[in-house]
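End of the sequence shown sits at 216 in my numbering; the numbers just go up one at a time, nothing left out.
To be clear, the hints were calculated from the coordinates, so they are not data collected in a lab. Hints should not be assumed to be uniformly reliable.
[To be verified] For lysine-lysine, the following DSS-like pairs were computed, each having C-alpha atoms within a straight-line distance of at most 25 angstroms:
| hint | residue 1 | residue 2 |
| --- | --- | --- |
| 1 | Lys141 | Lys71 |
| 2 | Lys59 | Lys168 |
| 3 | Lys59 | Lys120 |
| 4 | Lys85 | Lys71 |
| 5 | Lys115 | Lys168 |
| 6 | Lys59 | Lys115 |
| 7 | Lys115 | Lys71 |
| 8 | Lys85 | Lys59 |
| 9 | Lys71 | Lys59 |
[Unchecked claim] Label pairs and their calculated CB-CB ranges:
| hint | residue 1 | residue 2 | range |
| --- | --- | --- | --- |
| 10 | Ser187 | Asp68 | 16 to 22 angstroms |
| 11 | His176 | Asp68 | 27 to 33 angstroms |
| 12 | Arg154 | Ile87 | 17 to 23 angstroms |
| 13 | His176 | Ser197 | 31 to 37 angstroms |
| 14 | Asp147 | Gly80 | 30 to 36 angstroms |
| 15 | Glu157 | Ala122 | 15 to 21 angstroms |
| 16 | Met165 | Lys85 | 18 to 24 angstroms |
All C-beta atoms in this analysis are idealised placements derived from N, C-alpha and C, irrespective of residue type, glycine included.
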Amino acid sequence: MAFCIFCLKETPDITEEHVFLAALGGECCIRETGCPIPHSRCGMFEGRVVSIFVASKAGAPMEALDEVKATPGRGIEGDRYFKGIGAWSNHPGEGREITLVEVEALEGLAREKNIALKPAETRRNLLTRGVPLNHLVGKEFQVGDVRLVGIRLCEPCHYLEEMTTKGVLAGLIHRGGLRANVLTSGVIRVGDSVSEVIKTEEWELTKRKYSAKT
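All chains should be modelled from the sequences, with the hints used to inform the complete structure.
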């Protein structure tokens, strides 16, 4: 019994070794054994930004943009959290500079729960395709010209369900997206590539760990 390193779905059909091999760059460890979300290669993926959204203030509708400027320590211009007036701005916690969610998660929500949630209704800033967001907690990754770092999962909350429909909270558990901080300034555009930043020393350590197991 093991968990998919991307969506955290438990499956009895793989071993921890399969998960480890997936982390070395193989396909999603349970693509063929029941994982509900098609995943890209871990550490070797290259996804895309599908949509960009901001809200001018807490509770305001999310506005779709073609591009947005990202600033370290602030987030993305035009968004309520950049201005410090988001619903959770006065609550402690890291990772409110920018949020991301997978289009695959919304497809899974529609398929499994029969809930058609529009991308803007997730209230996340970036909609991606082909990006294993859960894998990026604690990792640096590149979105176009901008460097981000994953802080923690952006789990769904009652506030989101109140603004959308019943079942969203349960349906997006462990796949509600990623909270990240901005490391370098720049412009993020629809269509930008998204890829993990693999540091040489981390890759060498991973290879040594695998060699020790064989």
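Hints, one by one, checked against the model:
no.	hint	verdict
1	Lys141 <-> Lys71	21 angstroms, holds
2	Lys59 <-> Lys168	24 angstroms, holds
3	Lys59 <-> Lys120	19 angstroms, holds
4	Lys85 <-> Lys71	13 angstroms, holds
5	Lys115 <-> Lys168	10 angstroms, holds
6	Lys59 <-> Lys115	30 angstroms, violated
7	Lys115 <-> Lys71	35 angstroms, violated
8	Lys85 <-> Lys59	8 angstroms, holds
9	Lys71 <-> Lys59	17 angstroms, holds
10	Ser187 <-> Asp68: 16 to 22 angstroms	18 angstroms, holds
11	His176 <-> Asp68: 27 to 33 angstroms	31 angstroms, holds
12	Arg154 <-> Ile87: 17 to 23 angstroms	22 angstroms, holds
13	His176 <-> Ser197: 31 to 37 angstroms	23 angstroms, violated
14	Asp147 <-> Gly80: 30 to 36 angstroms	18 angstroms, violated
15	Glu157 <-> Ala122: 15 to 21 angstroms	19 angstroms, holds
16	Met165 <-> Lys85: 18 to 24 angstroms	19 angstroms, holds
Violated hints, listed in ascending order, are 6, 7, 13, 14; each of the other numbered hints is respected by the structure.
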